[in-house]
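Q: If you read the protein sequences in the order shown, they are chains F and R. Each residue of the first sequence is one higher than the one before, counting from 1 in full-length UniProt numbering. Each residue of the second sequence is one higher than the one before, counting from 1 in full-length UniProt numbering.
Since the hints were derived computationally from the structure, they do not count as laboratory data. None of these values were measured; they are calculated from a predicted model. Built from N, CA and C at the ideal position, the CB exists for glycine as well. Some clues are possibly wrong.
[Said to hold, decoys possible] Beta-carbon label-pair distances, calculated as ranges:
| hint | chain 1 | residue 1 | chain 2 | residue 2 | range |
| --- | --- | --- | --- | --- | --- |
| 1 | F | ARG102 | R | ALA218 | 50 to 56 Å |
| 2 | R | GLY58 | F | LEU57 | 55 to 61 Å |
| 3 | F | THR275 | R | ALA218 | 53 to 59 Å |
| 4 | F | THR37 | R | ASN14 | 57 to 63 Å |
| 5 | R | HIS220 | F | GLN331 | 35 to 41 Å |
| 6 | F | ARG163 | R | SER28 | 37 to 43 Å |
| 7 | R | ARG47 | F | VAL335 | 53 to 59 Å |
| 8 | R | GLU119 | F | ASP278 | 51 to 57 Å |
2 protein chains.
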Amino acid sequence: MEETTDTASERNANRVTAQDVARVAGVSLSAVSRVFTPGASVSAKMRVRVMDAADKLGYQPNVLARSLMTQRTNLVGVILANFKNPVYLTVLDHFTRALQARGFRTLLLNVSDGQDLEEMARLVLQYSVDGLVVSAGAISPHITEQCYKRRIPLVAFARRPRRANLHVVCADSVAGGRLAGARLLQSRHRRFGLLAGPANASTAIERGKGFYAEIEEAGHSVIAMTHAREYSYSAGVDSARELLGRSDRPDAIFCANDLLAMALMDVARYEFGLTLPDELSIIGFDDVDLAAAASYQLSTIRQPLEAMVKETVDILSHRINTWSEGWETRQLACVAVDRSSIALAPSD
Amino acid sequence: MEETTDTASERNANRVTAQDVARVAGVSLSAVSRVFTPGASVSAKMRVRVMDAADKLGYQPNVLARSLMTQRTNLVGVILANFKNPVYLTVLDHFTRALQARGFRTLLLNVSDGQDLEEMARLVLQYSVDGLVVSAGAISPHITEQCYKRRIPLVAFARRPRRANLHVVCADSVAGGRLAGARLLQSRHRRFGLLAGPANASTAIERGKGFYAEIEEAGHSVIAMTHAREYSYSAGVDSARELLGRSDRPDAIFCANDLLAMALMDVARYEFGLTLPDELSIIGFDDVDLAAAASYQLSTIRQPLEAMVKETVDILSHRINTWSEGWETRQLACVAVDRSSIALAPSD
DNA sequence: ATTATTTTTGCAAGCCCTTGCAAAAATATT
DNA sequence: AATATTTTTGCAAGGGCTTGCAAAAATAAT
Numbered sequence: 001m002e003e004t005t006d007t008a009s010e011r012n013a014n015r016v017t018a019q020d021v022a023r024v025a026g027v028s029l030s031a032v033s034r035v036f037t038p039g040a041s042v043s044a045k046m047r048v049r050v051m052d053a054a055d056k057l058g059y060q061p062n063v064l065a066r067s068l069m070t071q072r073t074n075l076v077g078v079i080l081a082n083f084k085n086p087v088y089l090t091v092l093d094h095f096t097r098a099l100q101a102r103g104f105r106t107l108l109l110n111v112s113d114g115q116d117l118e119e120m121a122r123l124v125l126q127y128s129v130d131g132l133v134v135s136a137g138a139i140s141p142h143i144t145e146q147c148y149k150r151r152i153p154l155v156a157f158a159r160r161p162r163r164a165n166l167h168v169v170c171a172d173s174v175a176g177g178r179l180a181g182a183r184l185l186q187s188r189h190r191r192f193g194l195l196a197g198p199a200n201a202s203t204a205i206e207r208g209k210g211f212y213a214e215i216e217e218a219g220h221s222v223i224a225m226t227h228a229r230e231y232s233y234s235a236g237v238d239s240a241r242e243l244l245g246r247s248d249r250p251d252a253i254f255c256a257n258d259l260l261a262m263a264l265m266d267v268a269r270y271e272f273g274l275t276l277p278d279e280l281s282i283i284g285f286d287d288v289d290l291a292a293a294a295s296y297q298l299s300t301i302r303q304p305l306e307a308m309v310k311e312t313v314d315i316l317s318h319r320i321n322t323w324s325e326g327w328e329t330r331q332l333a334c335v336a337v338d339r340s341s342i343a344l345a346p347s348d
Numbered sequence: 001m002e003e004t005t006d007t008a009s010e011r012n013a014n015r016v017t018a019q020d021v022a023r024v025a026g027v028s029l030s031a032v033s034r035v036f037t038p039g040a041s042v043s044a045k046m047r048v049r050v051m052d053a054a055d056k057l058g059y060q061p062n063v064l065a066r067s068l069m070t071q072r073t074n075l076v077g078v079i080l081a082n083f084k085n086p087v088y089l090t091v092l093d094h095f096t097r098a099l100q101a102r103g104f105r106t107l108l109l110n111v112s113d114g115q116d117l118e119e120m121a122r123l124v125l126q127y128s129v130d131g132l133v134v135s136a137g138a139i140s141p142h143i144t145e146q147c148y149k150r151r152i153p154l155v156a157f158a159r160r161p162r163r164a165n166l167h168v169v170c171a172d173s174v175a176g177g178r179l180a181g182a183r184l185l186q187s188r189h190r191r192f193g194l195l196a197g198p199a200n201a202s203t204a205i206e207r208g209k210g211f212y213a214e215i216e217e218a219g220h221s222v223i224a225m226t227h228a229r230e231y232s233y234s235a236g237v238d239s240a241r242e243l244l245g246r247s248d249r250p251d252a253i254f255c256a257n258d259l260l261a262m263a264l265m266d267v268a269r270y271e272f273g274l275t276l277p278d279e280l281s282i283i284g285f286d287d288v289d290l291a292a293a294a295s296y297q298l299s300t301i302r303q304p305l306e307a308m309v310k311e312t313v314d315i316l317s318h319r320i321n322t323w324s325e326g327w328e329t330r331q332l333a334c335v336a337v338d339r340s341s342i343a344l345a346p347s348d
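Can you make the complete structure from the sequences, with help from the hints?
A: Dropping the structure here:
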């Protein structure tokens with residue numbers, strides 16, 4: 001078994017460069033470059049001549065070397081924190097597709113717990129990404145400033161940072177929370193409760209805020225509230241026990257996330273023996289695939305994820321091509337998805 | 001609003017290079033380089049001098065330029081197809097973490113449906129990735145050959161390609177299928193059925209094969225089988241209707257995936273009015289988070305995803321540092337997770 | 001204080017490509 | 001056929017970094 005600790009020269013031995021193609025084709029290096037540069041001036045015969053040599057050698061241009069000259073990598077950094085929440089798989093699906101469709105590649109960074117966002121941003125900037133989207137924790141002024149200086153468009157996705165020196169794309173979570181409230185107001189239940197998301201998530205806060213506003217403006221009040229420790233089924237179970245175990249048990253609950261809602265439904269049914277939705281109306285947020293499952297039939301609020309991703313990529317690719325001062329915020333509306341987890345009041 | 005269509009020179013104006021640092025620090029370019037190259041020979045005073053200048057200017061080395069010399073990008077390409085299956089979010093979580101922990105960045109490519117794997121592989125290779133992991137469709141000989149020539153280690157993740165001129169990390173799906181069979185054999189049901197995955201997925205085939213083997217070696221037979229069109233809840237609903245609607249309805253069914261199993265449970269309960277698990281034993285595959293939900297309590301087979309990712313990254317980083325001929329295959333065992341979706345036979 | 005050794009430093013070449021410029025080749029004009 | 005115009009080509013200078021080599025500086029040995 002041949003085993004070699006690679007040295008740089010070792011490795012580049014088996015790498016075919018434009019130089020090689022030029023030599024084989026008997027043309028200049030520039031000619032090869034132009035053949036592989038869309039829109040460059042090359043005659044037809046030159047093109048075939050170079051392509052023949054390139055094909056024979058299996059040449060592929062080195063986009064990194066190219067980017068050194070062009071100052072463009074076609075790389076977009078995507079920094080995510082929430083690898084537990086199933087909606088982020090959808091988000092990633094949309095992002096990778098949308099970016100690929102525009103000729104960008106996705107440099108994916110994970111900043112789940114432990115990891116330092118600041119540090120990750122530094123790492124990704126070292127790769128000279130053309131743009132950066134962050135859907136994670138607190139985006140420090142240092143990061144925004146760094147991006148600004150280097151003219152790298154930066155988009156906060158699905159969260160609303162305090163300072164607005166970056167682009168923001170998010171759903172209108174306050175309105176989403178209101179929507180949830182409005183739906184529960186249609187139920188025959190009047191003891192409103194909120195199973196909120198983690199206390200530090202900006203989305204969780206806004207969803208809750210909108211819900212409170214809607215309920216209170218209708219002359220009612222939210223009599224019970226608790227924060228889930230995270231957006232997960234098991235965290236939901238704990239919070240659900242807490243919420244349903246109260247003496248003044250709520251009977252119309254908005255859960256800041258479908259996973260929490262599903263946990264609440266299960267705890268209500270199997271631990272508290274409640275009949276749903278007769279004894280308890282529930283509405284969730286996100287519309288994950290399983291919200292539609294027969295076991296849940298969960299009414300919920302959906303964020304327009306695909307549209308949000310599209311906006312993000314639009315902003316990025318526009319700003320990458322045309323730098324301009326100023327930041328944009330695009331806030332998209334949520335939509336309610338009605339299923340049968342709410343016991344509607346008899347309509348008059 | 002200042003708006004400029006960037007030219008290359010425009011953009012590099014606001015980029016601080018090692019050259020700048022050298023000038024400010026009054027030292028040579030090489031000195032700066034050495035300060036930022038771990039293990040290079042630099043005196044203490046030189047280091048502080050350079051670092052001071054670097055900090056003042058906010059210098060960050062350009063790793064792409066570096067990689068031109070070092071022939072190493074610290075980029076690992078990850079090509080995924082299945083952005084619908086929730087386990088892949090877990091997979092991505094593990095991959096990004098494991099790679100980051102070893103100093104690699106993840107270049108994520110999506111080859112869902114439409115997209116051409118061959119083409120995506122080409123794109124990712126243009127970025128001179130140091131390694132490549134593919135968990136998607138058919139890995140063509142062209143791809144493997146290309147990687148081999150360029151000495152880029154290539155790992156097939158969670159699937160077993162026909163030709164073995166690449167590394168392979170996967171779960172032992174045949175054994176996993178057997179495990180599922182063994183569990184169902186413990187039930188009091190004897191009319192075995194299989195809700196298989198998409199007919200073209202290598203994992204689906206193996207899971208099914210193992211299941212058949214286990215059942216038949218025990219002297220029984222699988223009386224009903226159907227393929228889901230994809231690994232999703234809604235595909236599961238369709239297949240479940242088909243399977244349960246048969247005149248010789250099976251009563252012990254192995255579903256090649258938890259989502260399919262959950263769909264089957266729902267259809268069985270809500271459309272066929274069956275009591276679970278009394279009238280129908282079910283076992284799934286994957287152990288997604290919601291398999292543990294009270295509504296399902298799904299017994300299932302779990303692939304050791306984290307360990308699989310670890311093996312993959314081990315192979316990659318070892319082979320990246322030390323090229324050697326030959327390919328390795330690591331096949332890890334699945335484990336059964338017992339919950340209550342199987343009606344156990346009274347033990348003797 | 002000299003000389004021999006070890007460390008640090010800078011020089012310059014190179015990694016793989018793009019691109020402005022001017023020369024060469026092809027095409028159009030009279 | 002000779003000139004003017006347009007296209008194609010090659011040259012050479014980068015882009016931002018690393019690194020082998022030899023000179024310079026610091027340290028050790030005599």
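Q: Confirm or reject each hint.
A: Hints and how they fare:
At about 55 Å, the CB distance of F:ARG102 to R:ALA218 agrees with the hint of 50 to 56 Å. Here the CB-CB span from R:GLY58 to F:LEU57 is close to 41 Å, at odds with the stated 55 to 61 Å. Range check, F:THR275 to R:ALA218: about 42 Å between beta-carbon atoms, so the 53 to 59 Å window is missed. Look at F:THR37 against R:ASN14: about 25 Å separates their beta carbons, and that is not inside 57 to 63 Å.
The hinted window of 35 to 41 Å between R:HIS220 and F:GLN331 is violated, with their beta carbons roughly 59 Å apart. For F:ARG163 and R:SER28, the Cβ-Cβ distance of about 40 Å falls inside the hinted range of 37 to 43 Å, so the restraint holds. Range check, R:ARG47 to F:VAL335: Cβ separation about 57 Å, and the 53 to 59 Å hint holds. Checked against the hint of 51 to 57 Å, the pair R:GLU119 and F:ASP278 passes, with Cβ atoms roughly 54 Å apart.
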